Structures are given as C-alpha cells and as structure tokens.
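Student: Chain A is already provided as a structure; the job is to place chain B on it using the hints.
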Amino acid sequence: MPATLTPDVIALLDSAETVKVLATVDANGAPDAVEKPSLHHGGDGTIHVLEFLETSAANRNLTHTIWYGGSISVALHGADGHRVQIKGRPVKLHITGPLFQQHYVRARETLGDVDLAGVWVIEPDEVIDERFEKVRAREDAAHPDFIHLDRIAV
Amino acid sequence: MVALLKEIYRAEPSFDEVLAKHPRFPRLIARKIDVQRRGVHYTEAAEKAVDPAVHQLRSPYIFGSRDGEIKPLPESLLLRDGTTILVDPTPLDQNPYVVDYREGRFVLVDGGEQLEEVDLWPKPVYYDKLTTSGLPMSHIVSARPQRLNVFQSSFCYFWADKEGCQFCDIVTHTKQQREEIGVPNRLRPEDVKETIAEALKEPGRFTNLCLTAGSVTKGKEIFDLEVEFYIELLQAIGENFRTKKFPSQLIASAFNEKQLARLYNETGLTSYTTDLEVLNEELFGWICPGKARQVGYQGWKQRLVNAVDIFGRGNVGTGIVGGVETAQPSGFKSEHDALQSTLSEADWLAARGVTTVYIVWVPRPGSAFRDQKAPSLDYFIRLAQGLQDIRASHGLKVDFDDYRRCGNHPDSDLARLQ
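Top line first, the protein sequences correspond to chains A and B.
Just so we're on the same page, the working numbering is the position in the first sequence counted from 1, plus 2.
Just so we're on the same page, the working numbering is the position in the second sequence counted from 1, plus 30.
This is chain A alone, in the form it adopts within the complex (with noise of 0.2 Å):
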C-alpha cells in the first residue's frame, strides 16, 4: 500500500525553493546522493523525476533498483525549515509516450539546449517528518533511557 503524500508534503515537493536530494545506490551497495530540483508530484500520488542523463549513477541506481527490487530516499528541505524524508520505489519509467513529450518540452523550454532520458515514477513507501523538534519528540518518547545524566542533574 503506497504512503499518501499529504497536502504540506506535496507543495514542498512542487516548490522551486525545496532543496530536494535523491538517494539511491548501486549494485555494490555503493551510495549515490544528488540534489534534484526536478522533483515534483506526479499528481496521482507519485513522484516524478526527470533524469537528464542516460549513463548518470542515479539513473542506472534506479534501472538496478527497478530490476532488482529495494527502495530510495527522497529529502525534501523546504524555505521554511519543513523536512521530510520519502522512501520510495521506482516503479516505471518512461521514455517516451505523451508524459515524456511534456516534459521534454518543458524542459527545454525552461533549461535551454538540454536532452532527456528518461521520467522515473516513485511510489513512496513511507513519508518521514525530519524536522529536529520531531525527530528528537520520537527518539525521547521511544529511548527514554538514550540521554546524558548531566542533562538531568540537579
């Protein structure tokens, strides 16, 4: 069952502010992270990427994933401070058809003289809240025992 991308998480993924970085790795375990800005919603629950190059690590990342099963991560860092981790599958990729086209077009109109090789689809698995006053409210409330004596001596 995919994680449903709430309203706040959607706009920060549409928002050309968002610093959005994606992770994958490779058939070695090896990572690879790079930053993104052509992460957007899908408009059907999905994400989309668009990868620019055929022979880059993060798309052949996400041909080995698609082959071979496994996830990838999304961060999204948004102008107000809002994080959010998405983990998530690439499960389709196109390479042509009219979503291709569109973004083609797009791109070219936007970016100049660039080529396209491809739209990935990520389904997303799990959205994760990594605002720090979120994630340490999580840590405290599962760990109580993970902290320093001295943050609660007399």
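These are computed hints drawn from the structure, not numbers from a lab.
Please read all numbers here as calculations on a predicted model, not as lab measurements.
Don't take each hint at face value.
Unchecked claim - Some chain A residues judged to face chain B by a derived CB distance under 10 Å, without partners named:
(1) Ala29
(2) Glu56
(3) His66
(4) Tyr70
(5) Lys94
(6) Ala109
(7) Asp115
(8) Ala119
Said to hold, decoys possible - Restraint ranges, calculated between C-beta atoms of paired labels, are given here:
(9) A:Ala35 to B:Ala41: 46 to 56 Å
(10) B:Gln358 to A:Thr6: 51 to 61 Å
(11) A:Phe54 to B:Gln332: 36 to 46 Å
(12) A:Leu101 to B:Leu447: 19 to 29 Å
All residues carry an ideal CB built from backbone N, CA and C; glycine is no exception.
Tutor: Same frame as chain A, now just chain B:
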C-alpha cells in the same frame, strides 16, 4: 498463412523455475525474452481498447510475423522499466502470452495470471501524413519508441540465387507487403528525406535512425551497388541535420574497406553493423549459403574487424539470430556446446572492437526453418548475460544498439547497468 508449429511451452520448466537458476538476471528482461520467444495474442478486449489515433499499429517491417498475416494490431509493447518488446501476434495454438485490457490498462497475462502492466507503442504524428508523392509516410519510415527505421529495399539478392539465409523470410514478406498494403519495393531518397523531416518535428520522439535492407551483390566489386544506394539515401537524410554526423546505424552487407570509407566520409553515418547471423563457420555455410559462398565466414569477420578502423571501437557490431545455432540437423545438439561456441567467437570479435548482439530466433512461417524449434528460455538468458559480460570485460560500449536506440537485443538491454 498460419504456422503449423505447435510449441508446447508449458511442457518446459516454468518461467520461475528457469529464473531461479539465474538470480543475477533481471526478471523484466527474462520476461521480454520469453514474450519474444512465445509471441503474444491480443484479446478481444485489448483489440477494442486499441486507439489508432494514439497507438502505433503494425507498419511495414523488413521481416514477417509468425501468424503470417498483416492485420491492424498494435505494433509492440513497452515494459514498465522502459524495455521494448518487439513481438508479433501469434496463433493461440502456439501458447503465446496474452495481452488483455483490464481496469483501464493493458496487461500481460500467462496461464490466467496477470503478470505485468504494459504500454502500447505511441503512434508518431507523421504516421497520419502523406509524402508529396502521395505515399503514406508510415510506409516509408517506420517507428520504434525512440528510433526511425528505413527499410530501403526488402529484396535480397542471395534469395534470387536461392541462397537466402534459412531463418529469413525477407522476400516472402516483401511480396506480401507489396500485394496487401502497397509498400513500395524500393524507397526514393526524396520520400525518405521528406518523411524524416516530418518525424523530426515531434520533439523528444526519436534518438537515432536505422537503415537496413536485403543484400545487393551487384556492382564492379561485390556490394558496390548496395553501397551506392545507401550513400544516396544517407546524403538525402543528412540534409535534415545541421551537423555532419547524426546518430545512425546501418545494418548492411559486409563491405570492403573502400566501401566503408566512402560510407563514413561521404555521409553522416555513425555506426556500422553487418550480421554474421551465426558465430560458427560450418553452420554459417549451412545457414547462410549466399553469404558463405560470396564472402565467406572468415572474410565476413575480417570486414567487421576492418570496419573498426573506420567507424571506431564501439561503433561496429554484428547481429546474430540467437538460437539458430541449434537448428537441426546440422546445428549443435546441446545448448551448452552451442553457447560455448557462440560466446568464444563473440569474445574474439570483442577483443577486436566488434560488439555482438542477438535477436531471439523465432522460426517464421515464411522461412526455410519454419518447422524448427527455438532453444529454451534458459539458453537465451545465458546468451544475453554471456554477450553482455564479454562486452563489459572488453570495455566495449553498445550505445548505438542499446535498449533505447534499438530495443531488440536482450543482451544490450543489460548494458544499462554497464
């Protein structure tokens, strides 16, 4: 014409049983191979859901199909990882996969089990247009998801000498296309140029061009006339580009160095392929008698190696009809021996800068090998992995013939991770 073959694929080990022996092999590529091997049948629901305004229907092709018919069915399929499956309609009694339409999606079904969502190929805009000379542009240049195919002529002089390749149905199919849908025998360069100009108006639709045709042995030196045809055609096509070179593949006869140099220097061609079809000298003589008599296996290989000096390492390839080396009575009796022999030759070629790709052999009703049986799924998986491993071990790329530029070679699908 309907094939008389009745393959009982379900008597073989199941897809899952075969794949369990190959945990490193991508399931989607194995599925592609198996679908190509067994063919597809479109259900009535699928046929009704096909929209000729949106989906590409079958257009002229250089080879025929295993149902031996030309019907307005979908051209082919795309898997969810962007992998192309070139597959043709197959009679139900041959146990093909089934393409059905369920809950608004096309799906691949086998044994009643829904396996994968698939997309039909999108129809290019130019398919609805006519050339100035009044021909449907879809009859001049056919499309794949990202490639333009120019089948300059489907006539092959080896056939005229009754020495055609035994797996091939090129001339049978040419006659059928000409009689049933009026596909011209030979393309005029101005029609091709005009059609490609129209195709290029669609942004993001195509990444390369492929030209191929039957062999033309005529000329002062063998194949001179064939080379002339291609130079004329490539020069006309080149007028559509502002760069001298444009991503392109020529699949043609084994030309000599002078002919290859002319092709490279006088046109925008960037890669060259000449198909050995089977990587074994003895079997080449049996399966490709015309090629064997007029050029010879060693001569064909040498011309491939010579082409590397002209087109560059990674831009020269040879295609084989994967599995035809097991055709009987002269082929290998064991799949193990067939694989060893084929990979050994592919390694020799790769060491000299020539890449080898295969297509899944389908015994076609219009070919001399129509009553043969293709090898197992296990064989095709091993062949794909073996060829890709060889390519990788020699640091050889296959950009001009990969999953996107071509889409018909399971081995070069694997190059996506190389």
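Student: Double-check Asp115 of chain A for me: the hint is only fine if its C-beta lies closer than 10 Å to a C-beta in chain B.
Tutor: Not OK, violated: Asp115 of chain A not within 10 Å of chain B, min 12 Å.
Student: Given Ala109 of chain A as an interface hint, is the shortest Cβ-Cβ distance to chain B below 10 Å?
Tutor: Given a least distance of 9 Å, the restraint on Ala109 of chain A holds.
Student: Holds or violated: the hint that Ala29 of chain A contacts chain B, with Cβ atoms closer than 10 Å.
Tutor: Cβ of Ala29 of chain A sits 7 Å from chain B, so the hint holds.
Student: Given a cut of 10 Å on the nearest C-beta pair, is the interface hint for Tyr70 of chain A held or broken against chain B?
Tutor: OK, holds: Tyr70 of chain A within 10 Å of chain B, min 7 Å.
Student: Has the hinted range 51 to 61 Å been met by the Cβ atoms of Gln358 of chain B and Thr6 of chain A?
Tutor: Given about 58 Å between the Cβ atoms, the range holds.
Student: Return holds or violated for the Cβ distance of Ala35 of chain A and Ala41 of chain B against the range 46 to 56 Å.
Tutor: holds (49 Å)
Student: Take the shortest C-beta to C-beta distance between Glu56 of chain A and chain B; is it under 10 Å?
Tutor: Hint holds; Glu56 of chain A Cβ to chain B Cβ min 7 Å, cut 10 Å.
Student: Quick check on Lys94 of chain A please, does its C-beta sit within 10 Å of some C-beta on chain B?
Tutor: holds (5 Å)
Student: Between the beta carbons of Leu101 of chain A and Leu447 of chain B, is the distance compatible with 19 to 29 Å?
Tutor: holds (24 Å)
Student: Restraint: His66 of chain A near chain B, CB-CB cut 10 Å. Satisfied or not?
Tutor: holds (6 Å)
Student: In this structure, is the beta-carbon distance linking Phe54 of chain A and Gln332 of chain B contained in 36 to 46 Å?
Tutor: holds (41 Å)
Student: Given Ala119 of chain A as an interface hint, is its Cβ closer than 10 Å to any Cβ of chain B?
Tutor: With a closest approach of 8 Å, the Ala119 of chain A hint holds.
Checked against the numbered hints listed earlier, the structure breaks hint 7 alone; every other hint is satisfied.
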